[in-house]
Amino acid sequence: MSQPTTSPMRAAGLVLRRDLALAFRRWEQVTHPVIFFLMIATLFPLALNPKPSLLADIAAGVVWVSALLSSMLALETLYRADVDDGTLEQLTLTGQPLALLLLAKTVAHWILSGVPLVLASPIVAIAFGASGTANGVLMASIALGTGVLSLIGSIGAALTLGSRRGSVLLSLLVLPLVMPVLIFGARATDLAMHGDAANGPLWLLGSMLIFALTLTPFASAAALRISLE
Amino acid sequence: MGTWTWFHKLSSPPHFYRIAGKMIPWFAIPAALCLAYGLYAGLVLAPADYQQGDAFRIIYVHAPAAWLSLMCYTVMAVAAAVGLVWRIKLAHALAAATAPIGASFAFLCLATGSIWGRPMWGTWWTWDARLTSQLILLFLYLGYMALRSAYDDLSKADRASAVLAIVGIVNVPIIHFSVTWWNSLHQGSTVIRRGGPAMPPSMLIPLLVCFLGFTLLYAALASIRVRAEVLRRERHASWLSQWSGRAGRAE
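If you read the sequences in order, they're chains S and Y.
Mapped onto my numbering, the consecutive letters of the first sequence carry residue numbers 1 to 229.
Mapped onto my numbering, the consecutive letters of the second sequence carry residue numbers 1001 to 1251.
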């Protein structure tokens, strides 16, 4: 393999910009998961008794479960199109560190799927009658949590690329791994909604994000190389 | 013969197939003896608990099953890592053979715990930390097996599921502590704890024998299953057709 002339950081930046540019031209990739998120949240008052006190009690859990499911749905789009048109294969052949390129793709994916959820989450929380004072903690926890979800999910997405029946399988693999994120994210939100300090679970979410940032790109790269063979 | 050559020889399928076949009775017979004694002593001879009565006796199945469900996951992940790093197919075969055994023990642990919980806690299931993390462990096994079965190409299935097993074992402590901090009702550890076991020897010894018996049972089951995996994977290999040809003539 010849030595690449572009520096790894610059290559990662190019991948990030490319993914964002593509997504802004295929806008539905960004909007569909958010609509899905709002729809799942709508299901809860329909299925349960829409008593305001009950809804305010479960608001944190509802926002978090909806965000989790919605980001599962968005994971499908992380690698699929680039595998179908051969882009990903080219990325593995560039001689650049694949883990870094995949990290750039995952960051782009988080900007496209995580950030919209961060912005949409206070709407759901307020619609469920939660107090508006918790919105800061809610958005912070969703931002940290969706970051971990994208990173762990990228391993799952890479592993299921080469297999049949990808989508259900992807959820089967990823959901057990991300349950801690749900626990701490919902805990932080719940504490804040009841007016308590939510620092503990937020710090834990932050440390999980750093842990995932340092390790998952390598697992994703290994998984992708296996799937693409 | 040095350790390394011994290891290399062991990793050749025909050699391993023969050795594993010879080992089965060495695992299975002690397992049967240990389980026969341990279960009889535990279920019949040991005194009833002053608080829980006879219901506590389910621990002789429940606790070893819990231990094995964790041990199997560790064996699976270590074997998967060995297979991935040194490209040893037999290690992958061991991981593949271990997963369903581990999943069965995880299920057995949940089922016996649930049966015990009905009279003791008054409920079949509660969202307690230990129960939930054991349930997530079962889900991890099921995800691993689902990924394995989704690939037609065996070598890809091996390596993809190996990555998942390794990621899973990194996550197991995180899952464990997250659910522990989240909520807890399950009783604390009885056997391994500060100040020695909280059990008289008449209860403890059968339990330890049961632990040993179930672990040996795993070894016997794993040997049988790895042999079956080897047969499935090597069905086109020349050593196998030679062996079966020889066996055919001998009959």
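Simulated from the structure, these hints should not be mistaken for laboratory data.
This one's a predicted model, so the numbers in the text were calculated from it and none came from an experiment.
Even for Gly, the Cβ is constructed at its ideal location relative to N, Cα and C.
It is possible that some hints are incorrect.
[As the list claims (entries may be wrong)] Just a few of them, taken from the derived set where beta-carbon distance is under 7 Å, the chain Y residues facing chain S:
id	residue
1	Tyr1017
2	Arg1018
3	Leu1135
4	Phe1139
5	Gly1143
6	Ala1150
7	Tyr1151
8	Leu1154
9	Arg1159
10	Ala1160
11	Ile1169
12	Asn1171
13	Ile1174
Structure-based check of all given hints:
Of the supplied interface hints, the one on tyrosine 1017/Y is violated, with its beta-carbon coming no nearer than about 27 Å to a beta-carbon of chain S, more than 7 Å. Hint status for arginine 1018/Y relative to chain S: violated, with the closest Cβ pair at about 31 Å, above 7 Å. For leucine 1135/Y, the suggested interface contact is broken, since its CB lies about 9 Å from the closest CB of chain S, more than 7 Å. For phenylalanine 1139/Y, the interface hint holds, since its Cβ comes within 7 Å of a Cβ in chain S; the closest pair sits about 4 Å apart.
Taking 7 Å as the C-beta contact cut-off toward chain S, the hint placing glycine 1143/Y at the interface holds, the least distance being around 4 Å. Satisfaction of the interface hint for alanine 1150/Y is found here, the shortest Cβ-Cβ separation to chain S being roughly 4 Å, below the 7 Å cut-off. For the restraint placing tyrosine 1151/Y at the interface with chain S, the shortest Cβ-Cβ distance is roughly 5 Å, inside the 7 Å limit, so the hint holds. For leucine 1154/Y, the interface hint is violated, the least distance from its beta-carbon to any beta-carbon of chain S being 13 Å, above 7 Å.
At a threshold of 7 Å, the smallest CB-CB gap from arginine 1159/Y to chain S is about 5 Å, leaving the interface hint in force. Restraint check, alanine 1160/Y versus chain S: the minimum CB separation of about 5 Å is within 7 Å; hint holds. Below 7 Å, beta-carbon pairs count as interface contacts, and isoleucine 1169/Y has none with chain S, the closest being about 11 Å; its hint is therefore violated. Nearest Cβ of chain S to the Cβ of asparagine 1171/Y: about 5 Å, under the 7 Å cut. The hint holds.
The interface hint given for isoleucine 1174/Y holds, since its Cβ lies 5 Å from the closest Cβ of chain S, which is under the 7 Å cut-off.
The structure fails to meet hints 1, 2, 3, 8, 11 from the earlier list, while all remaining hints are met.
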